[in-house]
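Student: Below, each chain spelled out in residue letters.
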Amino acid sequence: MPTYLLGIIQPSGPAAPPEMLEPIMREVGAVDQAMRDAGVWVFSGGLHDPSTATVLRARDGGVVVTDGPFAEVKEQLGGLTIVDVADLDEALTWGGRLAAATTLPVEVRPFQG
Amino acid sequence: MSRTDVEDAFRREYGRAVAVLVRVLGDIGLAEEAVQDAFTVALERWPREGTPPSPAGWIITTARNRAVDRLRREATRDRRHAEAALLHSPSEPEEVGPVTDDRLRLVFTCCHPALAPEAQVALTLRLLGGLTTPEIAHAFLVPEATVAQRIVRAKAKIRDARIPYRVPSDADLPDRLPAVLAVVHLVLTEGHHGSTGAGGPRADLSAEAIRLGRLLAELMPDEPEVLGLLALMLLTDARRPARTAPDGTPVPLDQQDRSLWDGALLDEGRALLRTCLRRGRPGPYQLQATIAAVHADARAWSETDWQQILRVYDDLLALTPTPVVALNRAVAVAEVAGPARALELVDAIDLGDHPARHAVRADLLRRLGRSAEAEVAHADALRTARTDADRALLVAARGRAR
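From first to last, the protein sequence lines are chains D and V. Residue numbers for the first sequence follow the numbering used here, so the first one is 47 and each next one is one higher. Residue numbers for the second sequence follow the numbering used here, so the first one is 25 and each next one is one higher.
Note that these hints are calculated values from the structure, not bench results. Careful: at least some of the hints might be erroneous.
[What the hints assert, rightly or not] Here are the simulated distance ranges between beta carbons: (1) V/A288 - D/A76: 57 to 67 Å; (2) V/Q279 - D/E73: 54 to 64 Å; (3) V/A140 - D/G142: 16 to 26 Å; (4) D/L93 - V/P137: 20 to 30 Å.
[What the hints assert, rightly or not] Just a sample of chain D residues kept apart from chain V, beta carbon distances all over 12 Å, derived: (5) P69; (6) A76; (7) S90; (8) A104; (9) L126; (10) A145.
All residues carry an ideal CB built from backbone N, CA and C; glycine is no exception.
Use the sequences and the hints to build the structure in full.
Tutor: See below:
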């Protein structure tokens, strides 16, 4: 069965206030549970703010460490779910439920192999 | 059998053969190679040995054997395909779906919403219509490299993202069918107008659209919008002989010599329209076909039943509230309620700097005797017109009004 990344695209900047976030997280939790019940769930998780990221680059035989995300852009990967499904249509159906729950764009991308 | 006969068979049977081979091999690229191989063999053999009783069956069997041979030789290339090809036989029972024709599966793959619209069009023409990349590039007046890249990218996405090769379930069909119909309709409108620059109408593209429309009607005879689209295409294509003057300039509907319209196509379109309207599930294509049929029933522009056209436009606008439909409805309003009322509507339509909006405004302003404003609108229309044919129509319309 092919595996797909469902990436949740989040605008950069401060997170939404808890009273807004709470119902959204409940919805996302319900979709997550539905994926587990359907046997397609592989992994899911939300990411901390891009400012907590660290970038590593191999240089001159060593590794250079820099603070911050790889690129400063208006939208970043905010969380991800990995599903194991029959085909793109099924992945798009789950991705659509996730987009409705999060109210954010979801990028569906196939894994190799 | 001559070389031309093989080429005709290619045009007629390519889509069916590719569709079967895609199912058997599970890969569009392999399927196309195999079918092209088979036609190469046909070019050698048919003229010498005569045409086989079932050319399509011969092509499919030969393509399948060629593909199996090739996969055996290149066993390392991809075991899965080789196994699939060896295991499946075309006579096996097929997966269940509303309709089980390989071409229909392929239509829904080519017109999958995860592919860009221009990629959907190129793939459909290539895989189902058997058009070559240069032919598609020529038809849409885009560079060959662009079309080639679109097709390569789309095929890679179908393979890597696993876009399924399947007719959508009855439940999903209403969501997926409009994209398929839009692709075919786009091929027709391109055939009539051309999207950009010079070139004018291209009969080959219109013919291809109607061929695809007939195929869809054959594959999905119970979908009223499928029949509605075919009716619309036949009713509009019937006007083709009158649409261009002997010197090549386009002739607008109100100036066309209606005796040149193709009566057989009109009759076929009307009959199809009656069939689908009887189902009682109207849709945008059925309504547009109804409007085309009202025009077809009028012996002259002055005898057009504008009341009826306006009623259908009201329904169409309720179903698809787009600025373009609103603009076309305003043209009907001008005939029923006069140019002043129509101008109010047009000025309220949010269509931006669109040539059709400027052209309609120019016409309405002229009819209201506001010539200075009409000239400005006319200039705006000329400035934004995308094709030479559109510009010629505008100049002709202004000339008549003087």
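Student: Check the structure against each numbered hint from earlier and tell me which ones fail, lowest number first.
Tutor: Hint check: nothing fails, all pass.
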